[in-house]
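Participant: The primary structure of each chain is shown beneath.
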Amino acid sequence: MQMFPKQEVVAMLLAGGQGSRLGVLTKKLAKPAVPFGGKYRIIDFPLSNCVNSGIEAVGILTQYQPLILNEYIGNGQPWDLDGMHSGVNCLSPYQAIKGADWYSGTANAIYQNINYIERYDPDYVVILSGDHIYKMDYNKMLEYHKEKNAACTIAVIDVPLEEASRFGILNTHEDGEIYEFDEKPEHPKSTNASMGIYIFSWKELRKYLTEDEAKEGSSHDFGKDVLPTMLAAGERMFAYPFEGYWKDVGTIDSLWEANMDLLDPNVTLDLKDIYSRNPMMPPHYVSPDANIQNSLIADGCNVEGDLEFSILFSGVTVGKGATINSSIIMPGAVIEEGANVQFAIVAENTVIGKNATVGQRPEAVENRDEWGIAVIGENTVIADGAFIPAKQMIDTDTEVAAE
Amino acid sequence: MRSNDVLGFIFAGTLDEKIPELAASRTTASVPIGGKYRLIDFVLSNMSNSGINNVGIVAKSNFLSLTDHVGSGSAYDLSKRRSNLTLLTPYGGKTFSNFVETIYNMHGYIEHCREEYVLIEQGNVVTNFDYNALFDFHSKNNADITFIYKKGIIPAGYDRPITLDVDASGKVNQIFVKPDNTAEESDFMYGSLLVRKELLMNEIRSALSLNRLDIKRVIQETIGKFRVFAFENKGYTAFISSINSYFAFNMDLMKKEVRDELFNPKRPIYTKVRDDAPSRYGLESKVKNSIIAQGCVIDGEVENCVISKGVYVGKGAKLSNCIVMQDAIIGADTNLNYVIIDKDVQIKDGRSLMGFDSYPSYIAKKSVV
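Heads up: the sequence lines are chains Z and X, in that order.
Position 345 of the first sequence, counting from 1, maps to 345 under this note's numbering, and the rest follow consecutively.
Take any residue in the second sequence, note its place counting from 1, add 403, and you have its number in this note's numbering.
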């Protein structure tokens, strides 16, 4: 095997899950490739965090619909991850002498790529997931890990007590040492929610991954199998408290909220130093008829309508008299004249016809439980004058006629 | 002929004496334009999109911003095993005092390149042009030299302009060097031409040996000696040859037909990438008929303006008919009309500045007003 210069830390990014709760948005692409924030994809956040933390070797574990993600990552150049002896690699399941297996769980995905990790002879491995929006210096967490002489360190964020039962809660001693995992507890004992960010000392992780692989009945998952086994074996495991903006964007509602957070001056997430691939488009144009308040607009847009609390990705066209409120419009979509889009996510290259209505305000729906964000899949055409009510999800590549 | 057999050769400093403010600390080719571009992005993208793999850029002075912008050429796909971008600057005490000498001083580079043809271009021209049509025209006519020309009024700033007498087939019968620019309709040659490398170097050597340093005379004397043709550039073209034409071009970008032609998605214009976030419009922003690049924060009123990347417009600011270059900070309650604001300028709160349609005022790079 070719020898690579040693890397103290290798990051492994779990990007193989379907993200089924995002519905049509992940029908044709993996969740980490979902567009976010006007010009990014979700994976830009953990990737930029890696480079900004000085991590130069990143393996991305792909399995579900990897085409768009692979193409987007390419040679890693936008993130400076195109080094001569390091950089980013997309790692998909593969065939070997002993057979071929899909990644059966998060731990199995790492296990199948032990050879990739060992090329760099690392001391530590960072395990990340591709569905969170946050900025974090993994170096500080690594220092904490070293200081505590831990086998495993898990980043945690303080969540409100009433929400704690939605998360994996870590119960710790005063010094931060974990004594108990509590997955979605009914009666949480603490408010330390796991952020799905793990640092392992590689020797220990390698040992436990190998043991777990051989174990009958294991689901080969970090949360369900590897971490509890390590804790039961008495390994030193610590919770690293993180302060700052962090949001899981695994559902339509949370994806929409995280986007809207970018428009909130009180939210601390700053997009500086988040890198992405940039489409080659001219600056956007705003016509004399447009009215724009509290919105984000990327290059290549043409805005002739009214925008409020909305995010336009690159190359979006908004026709005269169209109104967009509290919505996310992904690259290349066309909102034609007089159309009305509110509380909606419109995916790439979709056309909303003239005077069509997509989504509704919460107060326009009688039963609040029936209200939700309307979602239109990519490459879909909504006919002139059509009406798509709140919470509706329209498939990709379809045509919706007016009533 | 094939496009990979053509060496692109761009003069970066064209007419820099006509835009002394903008070119005070940079070459003409690296003047910021259109919100996120530098002038040279257009010609470099045209060359790259036409399949030219090898480009040399001649810069006689002030080339720091140019080198910073074009870098290795990777933004234009010109930095690969089989493609190259080379910056050609004075060396060994040689000066670039005129075209004839400059081209001769580059003979080592030009002759070393494996391409058979040279396409000479100027750094002050904004157009989206497919050179393949020119190459076909050149081959079909078995031409020795093909000039690119524009029909119309000669832009202000071109002294002693070259005009052509072209017949219906595109053959050039006569070349005139006008004693002065009377801004009349004509077939006007702006310094773009395609020629076989060997012919170019022979003519330059012979001109030097006869001490004929006036390139316009060298061009004129090709008639009768060679098969000289001219190819019309029928597309939208802006010549940056004065501060007024710079201003007018930026304002032309408000026209849909100009944007559609210049930013044809099939032939994109490339530029150095900066990781700016999308632009943010505040609660009190009011933007009309303007071009806005990424990374801006707009809290004030903007009308008929070109706002470059990373610009901040404060609350209560009123900007109309302005060109604001990157990372400028426009304070709150300012009032600006017909002003060109260079990079990194800071306009303090409450200031007012007025230029005029025919005389936009200019605030130099890094000034604090």
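In case anyone wonders, no lab produced these hints; they're calculated from the structure.
Small disclaimer: the values here were computed from a predicted structure and weren't measured.
Wrong hints could be hidden among the right ones.
[What the hints assert, rightly or not] The calculated DSSO-like cross-link candidates involving lysine-lysine, where the alpha carbons are at most 30 Å apart (straight line), are:
#, chain 1, residue 1, chain 2, residue 2
1, Z, K354, X, K769
2, Z, K272, X, K768
3, X, K658, Z, K135
4, Z, K320, X, K619
5, X, K483, Z, K6
6, Z, K27, X, K746
7, X, K746, X, K769
8, X, K712, X, K769
9, Z, K247, X, K669
10, Z, K320, X, K768
11, Z, K28, Z, K203
12, X, K691, Z, K354
[Unchecked claim] Computed footprint of chain X on chain Z; a stretch qualifies when at least three of its residues, placed anywhere within it, have a C-beta under 8 Å from a C-beta of chain X:
#, segment
13, 112-123
14, 221-229
15, 265-274
Here a beta-carbon is modelled for each residue, glycine too, at the ideal position from N, C-alpha and C.
Participant: So which of the earlier hints does this model not fit?
Facilitator: Hints 1, 3, 4, 6, 9, 10, 11, 13 and 14 are the ones this structure does not satisfy, whereas the remaining hints hold.
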